[in-house]
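Protein chains: 2
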Amino acid sequence: MRGYMVATWKMAWDGVKKGQEVLRAGGSVHQAIIEAVKMVEDDPEYHSVGYGGLPNYNGEVELDAAYMDGDTLGYGGIMGVKNLKNPIEVAFDLCHYKRNCLLAAAGAEEYARKKGYAFCDMLTEEAYLRYSRQTKQMDMEKLEAYGGHDTVCVIGKSGDTMACGVSTSGLFMKLPGRVGDSPVIGSGCYADSEVGAAAATGVGEDIMKGCLSFSVVEKLRQGVPVQQACETALREHMERLGRSGHRPGSISLIAMDREHNIGAATNKKAFPFVVGDLERNTVLYAAVNEGGKMSVICPDEAWIQAYQGD
Amino acid sequence: MRGYMVATWKMAWDGVKKGQEVLRAGGSVHQAIIEAVKMVEDDPEYHSVGYGGLPNYNGEVELDAAYMDGDTLGYGGIMGVKNLKNPIEVAFDLCHYKRNCLLAAAGAEEYARKKGYAFCDMLTEEAYLRYSRQTKQMDMEKLEAYGGHDTVCVIGKSGDTMACGVSTSGLFMKLPGRVGDSPVIGSGCYADSEVGAAAATGVGEDIMKGCLSFSVVEKLRQGVPVQQACETALREHMERLGRSGHRPGSISLIAMDREHNIGAATNKKAFPFVVGDLERNTVLYAAVNEGGKMSVICPDEAWIQAYQGD
Chain A
1 MRGYMVATWK MAWDGVKKGQ EVLRAGGSVH QAIIEAVKMV EDDPEYHSVG YGGLPNYNGE
61 VELDAAYMDG DTLGYGGIMG VKNLKNPIEV AFDLCHYKRN CLLAAAGAEE YARKKGYAFC
121 DMLTEEAYLR YSRQTKQMDM EKLEAYGGHD TVCVIGKSGD TMACGVSTSG LFMKLPGRVG
181 DSPVIGSGCY ADSEVGAAAA TGVGEDIMKG CLSFSVVEKL RQGVPVQQAC ETALREHMER
241 LGRSGHRPGS ISLIAMDREH NIGAATNKKA FPFVVGDLER NTVLYAAVNE GGKMSVICPD
301 EAWIQAYQGD
Chain B
1 MRGYMVATWK MAWDGVKKGQ EVLRAGGSVH QAIIEAVKMV EDDPEYHSVG YGGLPNYNGE
61 VELDAAYMDG DTLGYGGIMG VKNLKNPIEV AFDLCHYKRN CLLAAAGAEE YARKKGYAFC
121 DMLTEEAYLR YSRQTKQMDM EKLEAYGGHD TVCVIGKSGD TMACGVSTSG LFMKLPGRVG
181 DSPVIGSGCY ADSEVGAAAA TGVGEDIMKG CLSFSVVEKL RQGVPVQQAC ETALREHMER
241 LGRSGHRPGS ISLIAMDREH NIGAATNKKA FPFVVGDLER NTVLYAAVNE GGKMSVICPD
301 EAWIQAYQGD
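Which chain is which? The protein sequence lines are A and B, in order.
Each residue of the first sequence is one higher than the one before, starting from 1 at the first, in our numbering.
Each residue of the second sequence is one higher than the one before, starting from 1 at the first, in our numbering.
No lab work stands behind these hints: they were computed from the structure.
Heads up, a few of these hints could be off.
Said to hold, decoys possible - The calculated label-pair distances, taken between Cβ atoms and stated as ranges, are:
1) A:Y97 - B:E290: 24 to 34 Å
2) A:G292 - B:Q308: 54 to 64 Å
3) B:Y97 - A:K114: 32 to 42 Å
4) A:D42 - B:R24: 39 to 49 Å
Claimed, not checked - Chain A regions said to be covered by chain B (calculated; three or more residues, Cβ under 8 Å):
5) 17 to 29
6) 90 to 103
7) 172 to 178
8) 190 to 203
9) 207 to 217
10) 236 to 244
Source: prediction; values computed, not measured.
We put the CB at the ideal spot given by N, CA and C, even for glycine.
Produce the entire structure from the sequences given, and follow the hints as far as they go.
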């Protein structure tokens, strides 16, 4: 499985298709990734990213995003930002600086406003309805990534340049100010053009405990093949958490090495992801986990119909 | 060099001494670390941590802290928090939860208020005077960690348990909302009782690009001796940044393995750190970097007098 782009979840299909067009038209890998992420951010149908994202415990949509340029290791991230139309644009903007690259909450909003990025109300009526129906008597210790889709992560490679962008509204009903793995370098994503890139989706608190994106890229650096790097990083982390008595929430990983080889792994039963392949096609795959044994399938219509989620 | 505790900078001396007393009296490693960090937070003489910390570009003191329990990999962090007396206490509190462990800005403050943690004005007159004398026409791309001291990081081990706590006010004149490496797991600190713990101080943006604390602990996991793990992680990262044309700011590392062995490295000329040794003494050491060749010395009075900083 090889490609120019790989992205988490079926919801990234239109975005990867657009990204592939950007690359074919001679655009940079950065433009391709930004366009791909923005398509998911702008779509109110996806309740875990950007516009239409599900709100926190106080009913506010708080957004996280990050971008890493694998050539420079330039990293930009924003955390807990409200009413920003396209968080990925600001994360990308910040990755060009040497200082003040990771900004939280009001400070990030102040920066985005000064730079002229668009703001709008990100809470849709549908997301508000879902929030208002949610009981507040829930167990905050059992919050899960939203079933079937979660953070959008897009990895791309063009020429020698690798990069990665991620965007999310985080866990539904999270505490105000809660930050997950997405804007945390090495956890939500990591890219090094000399080696490869990886990104994660799922319960951020559990992903962060293993710095899983950095962990996958380090295995690539040691020469481990990309599919094995994803599976091993995830398995070792699950085993380590198991020894401490902790049963982690859902975690899924994607990665690409510098030869365009793609890997994926999940601790869920199935994890769909989208590849923009070397023939310029956009193809849906799924990592399927049968009792710890991982396989990657190219699902047929029946599988897709049966799959609950985006 | 072996010990129960190791901490960044000479300013941690009193804290480590107190932490050693806590351990000797049968207190937990967590109590020892919290007490050690709090002593630095509470001292207005130290302008890079807690009370008396130097403010951001808008004249506000914004504090970051994190705590990691190496037994559970439980991680708590707060970012960009104002007027909180002891950030390390809230970070430690959060490390006990499975969700909502990393909180930013107003959300973190809301959490701390609800849990009854003390708030007070953290901007001292001296810090304000220094701020008011600072020209705002500075190059934001050249902000440096405050000369001679920076983030306080304390690693401890008692019984089989290893843990780490860090606290900082971040870069002087940082943009509002700017977050450095300190509250970012794997960058500012990382602890795994099965392997070891590491922590970093310096320019957060450059530390984060290499997830340096996680990187050191991964080398320990592979059996690399702790001093070599610190030196190699730092050297490889400097070389990688050098290949991308980036000249990083100051970076210093401390680490301890599960046999109580301690290591340290720096890309500055000298980096003082404090060890609570196995004989219950509190001892100042310094990592000295002569053209890339690292040595650890036990400095004499003359060296300490000549050293500019805390």
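Status of the hints after comparison with the structure:
no.	hint	result
1	A:Y97 - B:E290: 24 to 34 Å	holds (32 Å)
2	A:G292 - B:Q308: 54 to 64 Å	holds (56 Å)
3	B:Y97 - A:K114: 32 to 42 Å	holds (35 Å)
4	A:D42 - B:R24: 39 to 49 Å	violated (60 Å)
5	17 to 29	violated (count 0)
6	90 to 103	holds (count 7)
7	172 to 178	holds (count 5)
8	190 to 203	holds (count 4)
9	207 to 217	holds (count 6)
10	236 to 244	holds (count 4)
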